[in-house]
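K.L.:
Going down the list, the sequences are from chains A and G.
For reference, each letter of the first sequence is one residue, going 1 to 250 in this note's numbering.
For reference, each letter of the second sequence is one residue, going 1 to 385 in this note's numbering.
Incorrect hints may appear among the rest.
[Claimed, not checked] Here are the in silico distance ranges between beta carbons for each label pair:
(1) G:G20 <-> A:R138: 38 to 46 Å
(2) G:I46 <-> A:L242: 51 to 59 Å
(3) G:T23 <-> A:R179: 35 to 43 Å
(4) G:G20 <-> A:R136: 47 to 55 Å
(5) G:L252 <-> A:R138: 49 to 57 Å
(6) A:S33 <-> G:A363: 30 to 38 Å
(7) A:S33 <-> G:R378: 29 to 37 Å
(8) G:V30 <-> A:D239: 35 to 43 Å
(9) A:E125 <-> G:S268: 37 to 45 Å
Honestly, the hints are just simulated from the structure, not real lab data.
Each residue gets a CB set at the ideal place from its N, CA and C atoms; glycine is no exception.
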Amino acid sequence: MNEQHSAPDAAIVVHDLTRRFGSFVAVNAISFSVARGEVFGFLGANGAGKTTAIRMLTGLLLPTSGEATVAGYDVYRQPDEIRRHIGYMSQRFSLYEDLTVEENIELFGGIYGLSDQRIEERTRELLDGLGLRDVRRRLVGGIPLGWKQKLAFSVALIHNPDIVFLDEPTGGVDPVTRRQFWEMIYTTAAAGTTVFVTTHYMDEAEYCDRVSVMVDGRIAAMGAPAELRRQYGVATFDDVFLRLARPSAA
Amino acid sequence: MSTMAKPTPGASAPHARRRGALTAFMIKEVWHILRDRQTLLVILAIPLAQVVLFGYALRTDINRIRVAVVDPAPDYATIALRSRLTATPRFEITHVLANAAPLETLFRRGGADMAIELEPGFGRHLKAGEPARVAFVTDASDPNSSTTRQAYATAVVNDFAAQMGDAGGGVHITLDQRMRFNPTLASVNLFVPGLIALVLTLISALMTAISLTREKERGTLETLLVSPLRPWQIIVGKVAPYIVLGFLIALLVLAAAAGVFHVPFRGSVALLLGESLLYTLVSLALGVLIAARTTSQRTAMMAALVGTMMPNVLLSGIIFPIASMPGWLRAVSVIVPARWFIVIARGIMLEGVGLANLWLETAVLALMTVVLLAAAVRSFSARLA
């Protein structure tokens, strides 16, 4: 454990975070903070700078300027610590299809430095929790998408991270599974893990404690979904998003 | 509940057995290889099929043959024959020896391509109309070039005899031909070292490039990069199983060559394996470089085929002797790793030479390894920043 590290009041603190690519400003001085155990929705149209922001927060990309701490660790100086304390599930399904359910769990358990005994415990917990005990020896490629998605989420949590980043986790999943997926998100948040989620589904924005909407590299709006609806005087979050992302269309 | 109160990964049991991130990652790679039966079968079958198919290779023209002349008692006739040899652009007399004893060492060092032995009293026999004996000794570890060299030398001697005949009647020259190192002239002997190079290239450069880009394509690389695995661990974990696989197949090719075609193995197996490892590292580095610059498996495969397999087949001397290439192409061949490895492998297998005679080739490969590995790790890491 790093000595400078003390329990953070907030899971993520971002101040004037900026990333330029040449003359293009992908992320323009954004500031926000996410509380521990919060479900934070990170919204924005394609190209608004969401992915760049997430890459900076997960230690994949260095910011050009500004400050950010994730789980209390600095993105410039402690990217390795950050990686150990966060979980990540990408928009593209992030498990290996030619490995069995069990092998995938063991792989990520090993990568995150769990002991063999701990991997065994976590595998049992996880399989029972998801009801996947019967398919544990099946190749992941052969199980239904909904199960894969839930499995991927559980694997992203295998090392009990402080924060889990979900990048469009419910793409291509049926409504029933999406519902179940969000129940898992709530359970996770209730247990103290912060959930940082991006989505294209505006109804899912309503499930978040708070959301931010990125437009052209800036955060155009931030707050509880109901609050934002009131603020813009619209009935659905879809309309809030349209107002912000395409002012001319609204 | 405080997030910090949660057990830190692994911290709960500091002395518990732990496989480690790198090991876990390598186990996964082994599963990938074993589960992809089709690819595995192709990887195993192609080299073995090639051992069988490459019995025949191509004939080519050769220039600037380095000749050692053994002339124990020089006289007017031997001097005339020697100047006739040097008068053609094909031959270059590099050594004139009084007896045949140093030839063995000369060939082993690669100091001469062929030797022409003239018997003492060559001129006297000629004049007397008696048979005058000439013997050709060629380094036949490369049989195609070797036969061609003998044919050229025969032509020169016959020409010489005809001219002598014109001058003074019944000249009679007896030709004796011997091959060193590969007396049966089996092309498979020549080809096996080349095949080992190809197999190692195929497995290390091609398979590594494909397997890394597959992770890019499927999005799993992203997940790995966000994990505590470091870029070098991803690369090492990726390539280590392929090194083992490449070695197994190289051994399989050697066993098949020795068992079925009785290809000789005169030198040290350990040395050959060590040199193979060096060559594998060069190819792996190329594979990683390709993977860092491509995003799809298809592109990576094409790049690996054009960038590594093609030069390694065409410009390495496996099929076309370097000696018969035009000068600029010979210059290009210097940067082809297989060109150096082939010399090493043929030297060890067919001539039984040791590191003392192969240090230059080994040094070149070592240099390539360092430069390419550094470039590969750099270019892979740069993609992440």
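K.L.:
Run every hint past the structure and note whether it holds.
P.N.:
Hints, verified against the model:
no.: 1; hint: G:G20 <-> A:R138: 38 to 46 Å; in the structure: violated, 27 Å
no.: 2; hint: G:I46 <-> A:L242: 51 to 59 Å; in the structure: holds, 57 Å
no.: 3; hint: G:T23 <-> A:R179: 35 to 43 Å; in the structure: holds, 39 Å
no.: 4; hint: G:G20 <-> A:R136: 47 to 55 Å; in the structure: violated, 23 Å
no.: 5; hint: G:L252 <-> A:R138: 49 to 57 Å; in the structure: violated, 33 Å
no.: 6; hint: A:S33 <-> G:A363: 30 to 38 Å; in the structure: violated, 58 Å
no.: 7; hint: A:S33 <-> G:R378: 29 to 37 Å; in the structure: holds, 36 Å
no.: 8; hint: G:V30 <-> A:D239: 35 to 43 Å; in the structure: violated, 52 Å
no.: 9; hint: A:E125 <-> G:S268: 37 to 45 Å; in the structure: violated, 54 Å
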